[in-house]
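Those protein sequence lines, which keep their order, are chains F and W.
Note that our numbering numbers the first sequence so that position 49 is 49, with each residue one more than the last.
When you read off a place in the second sequence, starting at 1, and then add 1000, the result is the number in our numbering.
Source of the hints: derived by calculation from the structure; they are not laboratory data.
Keep in mind that a hint or two might mislead.
Stated by the list, open to error - For lysine to aspartate or glutamate, the following EDC-like pairs were computed, each having C-alpha atoms within a straight-line distance of at most 20 Å:
| id | chain 1 | residue 1 | chain 2 | residue 2 |
| --- | --- | --- | --- | --- |
| 1 | W | K1080 | F | E25 |
| 2 | F | K112 | F | E210 |
| 3 | W | K1083 | F | E27 |
| 4 | W | K1023 | F | E113 |
| 5 | F | K30 | F | E210 |
| 6 | W | K1080 | F | E113 |
Spelled out, the chains give:
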Amino acid sequence: MSTTVAQPVDEIKSTPWSGGRSPFEVEYGKMMMWFFLLSDAFTFSSLLISYGALRFSAPTWPSPSLVFQSVPGTSIESGAPLVFVGLMTLILIISSVTMVLAVEAGHRNARKEVIGWMIATVIGGLMFLGCQALEWNHLHSEGFWWGHIPNAATLQEFFAKGVPLGQQQMTAHQFANLFFTITGFHGFHVFSGVVINIIITINVLMGTYERRGSYLMVEKVGLYWHFVDLVWVFVFTFFYLV
Amino acid sequence: MSAETTNVHHDADHGEHQTMTKKRILNVLYILLGITAVEFLIALYLGPHYKIPSHWINPIYIILTLFKAYFIVAFFMHLKFEKVGLALAIIVPILFIIGLILVLTNESHYWIGLRL
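The task is simple: from the sequences and hints, build the whole structure.
In structure tokens, the structure reads:
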């Protein structure tokens, strides 16, 4: 009796939106990662939009090509705008590619390849964090920090000629606070991404996913890592280009 | 409704066959690097030498950035190959951000009026 009743019920529930199976056809954890990233996207956009609003409402702003014209860690102190941040962008994009390659290797259950690409991704993340530390250190040595700006003589190097000192000091404060908050929040995401990547790499090394039969965890942490890259694309545009 | 569901199903089946291969991954990398190179060209050469009108520069940067974002989300994050329903669930809420951008740009014009 039960079989004759069960069959038509199963048939009704077989279409995606009638409750028989997930309409999104992704595993629970992966879907939750997407929803987490959506909420994170809102956090980052509110930070970047408040940056935009404060910048639009300011009569002047420190010129990116003057603030970021050195290559920290080398002897180049001026005349090289975008070079260092270009290197950081390149590092992050390439580490994103190695992450995709790890996911792709995971689909083929190729454990050795996953390990190699995951280690490359971790190294890329650490390189990016190192670059950011140098960049922060450079700005800090010039006098920028949360609530701190350089003295008047140094400050005027970052503005177009003829901007009154009062306006320079007001917008430099806003610039310093926003720069360290937003790149700091992004850097914290990179840091946690590196930590999670290391944990996943250890799991791959121990054969956890080999036993589980799927490398879906690599895919989930990959989503997070690409999101970090995605945010950097926007930070790069709004802090260094615009 | 049934036509729609079969359509979705068809897309998903189609997508299953064309996930990311190494060749595709490298193609996306070249596109991202190419767009970044164009941004550098504008910032270091075309902008400072007035080869393009200065009020075009920021909109061009933003359009190029959105292109990069599309390639990262669609291919690296694989959203192009997921179910349409999931893609919509992620992308439609993002549209609220446009609302905040409009409100705060409008507001910032008011603020600068107060400051000057």
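Distance restraint between W/K1023 and F/E113, which requires alpha-carbon spacing of 20 Å or less: Distance of about 16 Å is within 20 Å: holds.
Agreement of W/K1080 and F/E25 with the hint, judged by alpha carbon distance not exceeding 20 Å: holds, 14 Å
Taken at face value, is the distance from the CA of F/E113 to the CA of W/K1080 at most 20 Å? violated, 25 Å
Is the hinted pair F/K112 and F/E210 satisfied, with a Cα-Cα distance of at most 20 Å? With a Cα-Cα distance of about 11 Å, the restraint between F/K112 and F/E210 holds, given a limit of 20 Å.
Checking one constraint from the list: CA of W/K1083 to CA of F/E27, max 20 Å. Satisfied? The hint holds at about 12 Å.
Can the restraint linking F/K30 and F/E210 be considered satisfied, given a maximum Cα separation of 20 Å? holds, 19 Å
The structure shown violates just one earlier hint, number 6.
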